[in-house]
Amino acid sequence: MLSRVADHLYWMSRYIERAENIARLMQVSVELLLDSVAFGSQKADEYWTPVLAATAMEGAFRLLHPDPKPGDISHFLTLDERNPDSILSCVREARENARTVRDQISDEMWTELNALYLLVSSPTGVELLERSPQSFFEKIIHSSLQFDGITSATLSRTEGWNFLQLGRFLERADKTSRFLDIKTQTLSDSDHAVDSLQWGTILRACSAYAPYRRVHGGEVTLEKILDLLLFSVEFPRSVRFCVRMADEMLHAISETQTGRYSNPCEKLTGALLAKLSFASPAEALNIGLHQYIDELQVALNEAGQAVFETYVYIPQEYTKSLPATFVFDPLGTQQQQQQQQ
Amino acid sequence: MDANGCVRPYYQPVAERFSRMSPEELEQKVKSLELLFLKQGVTFTVYGDERGTERVFPFDPVPRVIPAHEWEEVEAGLIQRITALNLFLYDIYHEQKILKDGIIPAEVVHSAAHFRPEFVGINVPRDTYIHVCGTDLIRDQDGRYLVLEDNGRCPSGVSYVLENRAAMKRVFPQLFGTSGVRSVDTYPADLRSVLQYIAPRQTAHPVCVLLTPGVHNSAYFEHSFLARQMGIEIVEGRDLVVLDGFVYMRTTHGLQQVDVIYRRIDDDFLDPKVFRKDSMLGVPGLVDSVRRGNVALANAIGTGVADDKVTYAYVPEMIQYYLGQDPILEQVPTYLAWRDGDRKYILENLPKLVVKAANESGGYGMLIGPQASKAEIEEFRGKILANPRNYIAQPVVYFSQHPTLVDGGFEGRHVDLRPFILCGETTKVLPGGLTRVALTRGSIVVNSSQGGGSKDTWVLAD
Numbered sequence: 002m003l004s005r006v007a008d009h010l011y012w013m014s015r016y017i018e019r020a021e022n023i024a025r026l027m028q029v030s031v032e033l034l035l036d037s038v039a040f041g042s043q044k045a046d047e048y049w050t051p052v053l054a055a056t057a058m059e060g061a062f063r064l065l066h067p068d069p070k071p072g073d074i075s076h077f078l079t080l081d082e083r084n085p086d087s088i089l090s091c092v093r094e095a096r097e098n099a100r101t102v103r104d105q106i107s108d109e110m111w112t113e114l115n116a117l118y119l120l121v122s123s124p125t126g127v128e129l130l131e132r133s134p135q136s137f138f139e140k141i142i143h144s145s146l147q148f149d150g151i152t153s154a155t156l157s158r159t160e161g162w163n164f165l166q167l168g169r170f171l172e173r174a175d176k177t178s179r180f181l182d183i184k185t186q187t188l189s190d191s192d193h194a195v196d197s198l199q200w201g202t203i204l205r206a207c208s209a210y211a212p213y214r215r216v217h218g219g220e221v222t223l224e225k226i227l228d229l230l231l232f233s234v235e236f237p238r239s240v241r242f243c244v245r246m247a248d249e250m251l252h253a254i255s256e257t258q259t260g261r262y263s264n265p266c267e268k269l270t271g272a273l274l275a276k277l278s279f280a281s282p283a284e285a286l287n288i289g290l291h292q293y294i295d296e297l298q299v300a301l302n303e304a305g306q307a308v309f310e311t312y313v314y315i316p317q318e319y320t321k322s323l324p325a326t327f328v329f330d331p332l333g334t335q336q337q338q339q340q341q342q
Numbered sequence: 003m004d005a006n007g008c009v010r011p012y013y014q015p016v017a018e019r020f021s022r023m024s025p026e027e028l029e030q031k032v033k034s035l036e037l038l039f040l041k042q043g044v045t046f047t048v049y050g051d052e053r054g055t056e057r058v059f060p061f062d063p064v065p066r067v068i069p070a071h072e073w074e075e076v077e078a079g080l081i082q083r084i085t086a087l088n089l090f091l092y093d094i095y096h097e098q099k100i101l102k103d104g105i106i107p108a109e110v111v112h113s114a115a116h117f118r119p120e121f122v123g124i125n126v127p128r129d130t131y132i133h134v135c136g137t138d139l140i141r142d143q144d145g146r147y148l149v150l151e152d153n154g155r156c157p158s159g160v161s162y163v164l165e166n167r168a169a170m171k172r173v174f175p176q177l178f179g180t181s182g183v184r185s186v187d188t189y190p191a192d193l194r195s196v197l198q199y200i201a202p203r204q205t206a207h208p209v210c211v212l213l214t215p216g217v218h219n220s221a222y223f224e225h226s227f228l229a230r231q232m233g234i235e236i237v238e239g240r241d242l243v244v245l246d247g248f249v250y251m252r253t254t255h256g257l258q259q260v261d262v263i264y265r266r267i268d269d270d271f272l273d274p275k276v277f278r279k280d281s282m283l284g285v286p287g288l289v290d291s292v293r294r295g296n297v298a299l300a301n302a303i304g305t306g307v308a309d310d311k312v313t314y315a316y317v318p319e320m321i322q323y324y325l326g327q328d329p330i331l332e333q334v335p336t337y338l339a340w341r342d343g344d345r346k347y348i349l350e351n352l353p354k355l356v357v358k359a360a361n362e363s364g365g366y367g368m369l370i371g372p373q374a375s376k377a378e379i380e381e382f383r384g385k386i387l388a389n390p391r392n393y394i395a396q397p398v399v400y401f402s403q404h405p406t407l408v409d410g411g412f413e414g415r416h417v418d419l420r421p422f423i424l425c426g427e428t429t430k431v432l433p434g435g436l437t438r439v440a441l442t443r444g445s446i447v448v449n450s451s452q453g454g455g456s457k458d459t460w461v462l463a464d
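The listed protein sequences correspond, in order, to chains A and B.
The first sequence: position 198 = 199 (the working numbering), numbered continuously.
The second sequence: position 258 = 260 (the working numbering), numbered continuously.
If you're looking for bench data, these hints aren't it; they were derived computationally from the structure.
In silico SDA-like links for lysine to any residue, alpha-carbon gap of 20 angstroms or less:
#	chain 1	residue 1	chain 2	residue 2
1	A	225	A	284
2	B	41	A	97
3	B	279	A	338
4	B	41	A	107
5	B	41	A	155
6	B	41	A	116
7	B	41	A	94
8	B	41	A	146
Note that this is a predicted model, so its numbers are computed, not measured.
Next comes chain B alone, as it looks inside the complex (with noise of 0.2 angstroms):
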């Protein structure tokens, strides 16, 4: 709805359809959805218990609309912000031009948690450290679309927007005929090209290979689809060796020699020679393996000092520092901690506040000042006095709410919005992302583990 309560143009195909369908009809084409991720094992693991539950990824029939134009504009700045990023990975990893310059305080990188300087002076392939992220937007109360964070590790969720996409083509089949949508389907084929693009060996098939933390992990089902839409191996660490600086899988016919992998396990886990010393996941050697180049690894080692919420607060500098340009989206205000000034505002005002961790992610770690109670807030005190480089704060954005079907009627809920963007040859923004949607009447966290359901969400041709 725009300002005067009206159906926004955009919306008028959709709002026709769904006004057509009596409360029952809508209830039981939610219903039969929800069987179908059931079925199908479209799921997400919530840990607690010992097996781990899985649980259907809860979906709300209502699209999210993106007019073209509008969609232009948040490709253009998403684009803008994984170049700075990149170009900002390979600057902190070579010469670090821009702590030098005193642009980023050098005591920001060297003490975010995923830096690596053990990989300062190491080159990756193409020069590209992120190759896939997915960057978080809210829209304010203006309809401006801010950056809430960038997730440069391991970013999960594309499953989901595939799988609603086919789920609503398959329940909603006559909303698609008239309605213009940009189509989702070439994801895959799109992040394979990106792995290839990066084989250290140049060969016609370069063995590309997903690497799984297992089937426990929360977002295995996402693993496993990815390979399938790719055409290309998952594999689990004990699948992989390193012989000679070269990686490995071991298959019925020997071993077989790979190029590529798309890990889906964090750097500390990745070579128990190297990180952690523990870690059962990870492949012993292949750090070596990497610093040689004789395989490539995507995400790249040590992005994570990109995204760290600290490093975030800088990117509208690094995109002046590298492009000379000014950004094209917005962020949210962030006060840091670890600043005298800052941490004194953050401590007198924690109850209008966001508090985030560093370097969490899925609402973990977090503190909405203006819902918790004292205690809580008296916790995050003492978390923020303790060790306040990890600990940043925002203003609460009431960020957008959009029409959602609560018990057989529409509600304004609370969305966010997780595009994702490759970047190989080229850079490109998968046509709208994944739509969160907080589900709670008025709570605005979104995450899968804490409650939030998602929504397929439409870019329009034109």
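If we strip away everything but chain A, and leave its shape as in the complex, we get (with noise of 0.2 angstroms):
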């Protein structure tokens, strides 16, 4: 497979796994909200904070917004398009590399973004937003699972799908740890009460409000939901699963032995995957929730960023051969210049 082709499918899951856990995120906190404020308002923006926090991107909402306006978190989130990690803009990007490869890929696949980047992209999707924003969080969270049905049912399972699964897991086990995070930065003065509030609503985010009771029964306590959230093997979210997931994902791609390495990236999750399987909640809250998830993103990060090394980047032995005098003219002018009679 083209290395271009492999980063396109692995950068396309990624960014439609992004767009669903924001909205995920987004989607209990209204939740929570529902009984007493309306969507956007002053004390609505209390709650989207946490949720800024843990999509990475409160510096470059300061910037937008040194003085931010009731609504201007919320929108920043969804439909911004100049937040490049807003629900829109990871969907047009899941789009936009879909269509770079839509010859790799099946023609559902592609129907299902599609469909899904029309609908946020139009004027029918800002109505739903202000209307009922819960619908529009479910259509999005709906529209990725679908993909992913549809890429299992029609996806030949060759390098793109290795790719394509690779991208979604590395993103899931980042969001899972971060949706943590969040509350490891609230956690201070916060009554029992608001605080079991707080902890269902991430479980709910993660779709693991059902198998927490049916593994751990009624009681939420920290330790628990770390078991579930970080160290489950069966729960698919869990961070330990999805690891597991990226891990094998790698190995298939190079055809190598698992509990073997071939590459700095299957080294990298392999040691992360030791790692958190031979953890307790008990270890984590040891070091400190909040530096023990930091460790893990390090890692994840670590982790893309060698399957780009090992797999995407062009070596310098290639590009030297490019000629000294190489003026700069943007690749997209040049691409539409070429007539096609």
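Combine the two chains into a complex, taking the hints into account.
This is the structure we're talking about:
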């Protein structure tokens, strides 16, 4: 498979997963608000602040809105094109990557992503978000899940599939861990009732509420939440599960036996998987949850970077033959200039 | 309709079916067609803003029907024409007999913008230069098919032929049952065979790729469509690398040698070492690899000299010279501004003529005299005087109209026809081609970039 194609497939699924996760977090946050406060009002923004933190776009937001008005955060997170990680931007990127490699994916996959993009970029999408934010977020989540299902039912299990799954699981691992981190930042002075309400939110954002009950019963404790969302071997959104899937995909790509490694990315995911497999919630809390999650995210980033360097990056020896007098001329302009008679 | 206002017999089934539909039903079907195209992303990109806007190519549901006997003649004429053009290209890139014999003035070829003197004496696989050709035809008042222009570099539009047919089958399935319409499905497989036929390494599975300028190009949908239909990789210049005169693509498992490149980028951008130095789309060293015969290009480098609009004027002579035959298809009389007599005529008659730049396409660089303002006419007068070699003029041909759905009713609109011709082991013409329709009343510009639409084109089996 072409390296560039692998890169597009990887990012296509990362972006759709990212859009889904932002929608998940916003959806449960809206639910929390529904009783008293209107979407986009002053009070609502307090709920969005942690969501903003979870997308790691706080800095960009403060830059655009030094003096934020009610509704700025929710717009920034959903339909603001200036935010590269807004739902709209993520869907557009997913779709643009898909458009580039349309020959590699099934028609049904393309149609699903394209339809979602056409919706969120249209007046209908804006209206839906205003009228019924819940339905809007639900639409994003369902479309992403549908896309996953369509992919599974229509795409051959070749390298393309592996890269696509790799992107999805690395992104999901990152987002689940970020969701957990939201809580560590607001843990200090909240009372018990608020606490368990907030943990409930995070569990539901991860579709983990019912699985939690099934495994741990009614009482919500931090240890048990970490046990499910960080270390579960069965739950498909736990960090450990996602890292194991990513590791498997990498080994399938290089056809290396699991447990061994043939390149830096397999080494990184292997090490991370071992760490998660033999850790416990108590250990994580000992180190400090925020610190522990930070280390996880650093490791996940390194793995993503290693994937790029191993499979996509153009090694220097191939690029040195480019002429030295390389005039800057935006690629898009030249692409457009090509006469299609 | 024929001259007496009666429906031509071969249109009967279509006319009947459409007459049984209410305007609302028809409107609704057309809407569902456009929605289908939008959802499937069957679009082209309109340039202008930064990102480029994707648009659905407007589609008219009334098919154009061509009876078998009419098509036979068109097909024979196209095969004759492309055969002559390929012989011409071989000749001018080798001995240039046609110039030495004075059939075509040498300066016409030497001054052609797309003539590549550096390729004189270089052999191309199977001596074929144009593998894919899109030849534009129109019908004049007398019902004769005339050649309007040849597109022998990167002709586009074939994906719409295939998608239009698929959409018609989906929305009007009943129409096809009895009509005996010839299938267009084999085009991608035929194109792939052509590519394999010119592979320098005649292995069981030569590696063919489609080289695209990239996702921002207007025809990217078509590139990815064709690659998918052919089951070959679609690559950008940065995916390819030349080492020791061989072309490779960069895959996740290292380098893989490439045998044939179906390129959809201009000669100028192919190789920054040889042509435009600033090209970011090309592959450094590609031209050298082509010269060594290690990789084949479709179409070959330098075919633009054959579809230059000045060269066009000489195609009937070429057919005579190389094949000893009379042209089966006629073409539009053409005045060449570089000839003193013709230029005088052109400048005196600008309001009556269509003026075209010799190397433009897509309806750009064109003056339609009868519809032009004084200022536009004067602008072209200046352009012609400044660069006579670059302009030709033709009388306005009010080419045929075809019933077209407009606001719930049917009206006549001007149409042309672009058949697609493939030259490999044999020369094949795709039955039908792309019928483009000028959706604006009275307009004779059918290009998608200028408000044109398209129709499904049916060639009947007998």
